[in-house]
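K.L.:
For reference, the chains in residue letters:
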Amino acid sequence: MASVDTSMTSKDTILKVEHLSMRFGGLMAINDFSFEAKRGEITALIGPNGAGKTTVFNCITGFYKPTMGMISLHQKSGKEYLLERLPDFMITREAKVARTFQNIRLFSGLTVLENLLVAQHNKLMKASGYTILGLLGSPLYKREAKKAIETAAHWLERADLIDRADDPAGDLPYGAQRRLEIARAMCTGPELLCLDEPAAGLNPKESLALNTLLRSIRDEGTSLLLIEHDMSVVMEISDHVVVLEYGQKISDGTPDHVKNDPKVIAAYLGVDDEEVTEVIAEVESLDGGAKA
Amino acid sequence: MANAISEPGKAPASLLGQAIKEAVFTGLLTFGLFLLYIGFKTDQDISNALIIYGRPGLLAIFVGIAAVGRFLMVLFVHPWAKARKDARAEVPVHDIEKSPSLFHKHFLKIALVALLLYPPVIVSIYGFQGSLKFVDNFGIQILIYVMLAWGLNIVVGLAGLLDLGYVAFYAVGAYSYALLSSHFGLSFWLLLPISGILAAFWGMILGFPVLRLRGDYLAIVTLAFGEIIRLVLINWTDVTQGTFGVSSIPKATLFGIPFDASPGGFAKMFGLPMSSAYYKIFLFYLILALCMVTAYVTIRLRRMPIGRAWEALREDEIACRSLGINTVTTKLTAFSIGAMFGGFAGSFFAARQGFVSPESFVFMESAVILAIVVLGGMGSLTGIAVAAIVMTGGTELLREMEFLKHIFGPDFTPELYRMLIFGLAMVIVMILKPRGFVGSREPSAFLKEKKAVSGSFTKEGHG
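Order-wise, the sequence lines are chains F and Y. Position in the first sequence (from 1) plus 228 gives the number in the working numbering. One point on numbering: in the working numbering, the residue at position 46 of the second sequence is 44, and numbering is uninterrupted.
Just to be clear, a hint being listed does not mean it is correct.
Which residues of chain Y face chain F? A few of them, derived with a C-beta cut under 8 Å, are [as the list claims (entries may be wrong)]:
#1 298
#2 313
#3 321
#4 444
#5 457
These are calculated hints, taken from the structure and not from any lab test. Just so you know, these numbers come straight off a predicted model, no measurement behind them. Note that beta-carbon positions come from the ideal geometry of N, C-alpha and C, so glycine has one too.
Construct the complete structure from the given sequences, taking the supplied hints into account.
P.N.:
In structure tokens form, the structure reads like this:
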């Protein structure tokens, strides 16, 4: 386990990304990108299409190894991990960072309940004595398996999926699949939950329910990092917004600060002055709409 | 035919009229179509002159077939197909299967009892000598394939890793027993687990290089691995005696009682007349027990986190990694446990044959085992057992198609058409049941009620 010096970062920082760069051949997808996510907050990562948001996610969750830079995670217990040095599955298992995917990746042939049990694999693996004790019928495993089902049921309740627990995950409607993916990620017991466009394709009602779910997850002590295009979600629930364009950070701060930042407006709608004023008006009306 | 669609909602009486009408029309159409093709034949006579002669009889047969066929089609097949379609439409599409009937629920118990009673019943019908063929060719042969297919099912059906070289582990098991027992005189019961462990070890060795490969690439490397093992067996003549194979392998014993003519042998001990049937019956129960162990372990493993991880791996590997599952060890355990059962089956095979040679471990064997798994429905033990019975039992049965000689004349050798019929049967099964005999999957855990997952949701794995 790679440990880093704690003195550098303040106590309530959970994730610290420093000078992150990712190069694909000749393309610099992310260039010297740094930001911090605070514990107990919802941090949103926004930016136009192709800005490199998902690449940042993939670097944090270990699916890509960054070309340069340092990603450090600080757990509640004081343990620290350098994520860029861990293999992807260790990032979830040890560093307690869970993620969802932009294009939903459920185990469609397994039932909803089984999806959540797979997420508790490591815990159950230990309880079953790496299968050997479990195969011999150890009571410890039976107890843990029961507990795992309870945990799963708890998250099914939260995600409003309890009625469909025994149906195949592939049979769920789109919005329910999104919620199931979040529930599945939560079953790994994460300290930081990374959501890649959780509101994509949801109708306004589902989107609202998602906001409630995400807020309650935050209030229970799991920090969130999310990529989102739906501004009503971003502006409403995030505590902190980071804006990315062409692999570089162009703005960083509270939602109010970001939405009035001319750089951000320019990034989203071009640099024409007349348009900027229009955009400001539009963003404000959007903001009003979201509050209403 | 253009007027194929009969109008719906007509009374059955008019259906007959319509059938006759369509039959006549079809007959006329056929007559017109085939008049010149079939009705006349041109030929050259000895002086190279073209002569034409009519074949009214043949033409009449053609027209008759078409007309009668159309008649039956309109009168019986179409209403039947329609009724079937309507019945299906009432059941929601892709829905979970209904709760199983009593027979289905106790299917496994019934099958097990039937298998346990199989040798005594056969012996009582055919006598000891007559039972040999049925117990050995049908019973043992099929059960070996059931076990192999169940072993491969862990790798292909559960973990979704396409393994085309499974027979290599079968070979490792067989040669482990053959060599260790003939050189060191170790007993079958000691060597059975050792063969399994050695095969599992080789499974892991195969697993390491192919971890990074998926799909077609994985299949090719496993295929190559199977061939490497076979070529080593052929060419390492000092140890394996190459293509001559290892012969006079010691037989298995029943708690130390050998099956031979010695005073301490099984027949003498129980005062029975000498017969080789006892050994075969013993082997039948042995392979049945091995199959049951395989099934039991597979069923238990599916409810363990490791089994769920295998199935999750088949569904989506990236999602697995995002949930903290070490896909490397998960794949390796799938490979090695699958290989272990192959090794058990291999050592049993060597004890049964008393002779092993590389001939028994050709690619065709891997292909047949894989075909059984796919045909049975990936992941389903029952389906695979049925497929093994159909595939191996079917090919054995086709050897005995003597009656076909009466139909096609004495020159016809049904054995030669065995594989052709077999291939055709496979194609037909895959068209009718693309997900195998049992396409649905049983969940490993449930909250309120156990519902089978339809095959349309499960994935085949990417490699």
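K.L.:
Which of the stated hints cannot be reconciled with the structure, identified by number in ascending sequence?
P.N.:
none
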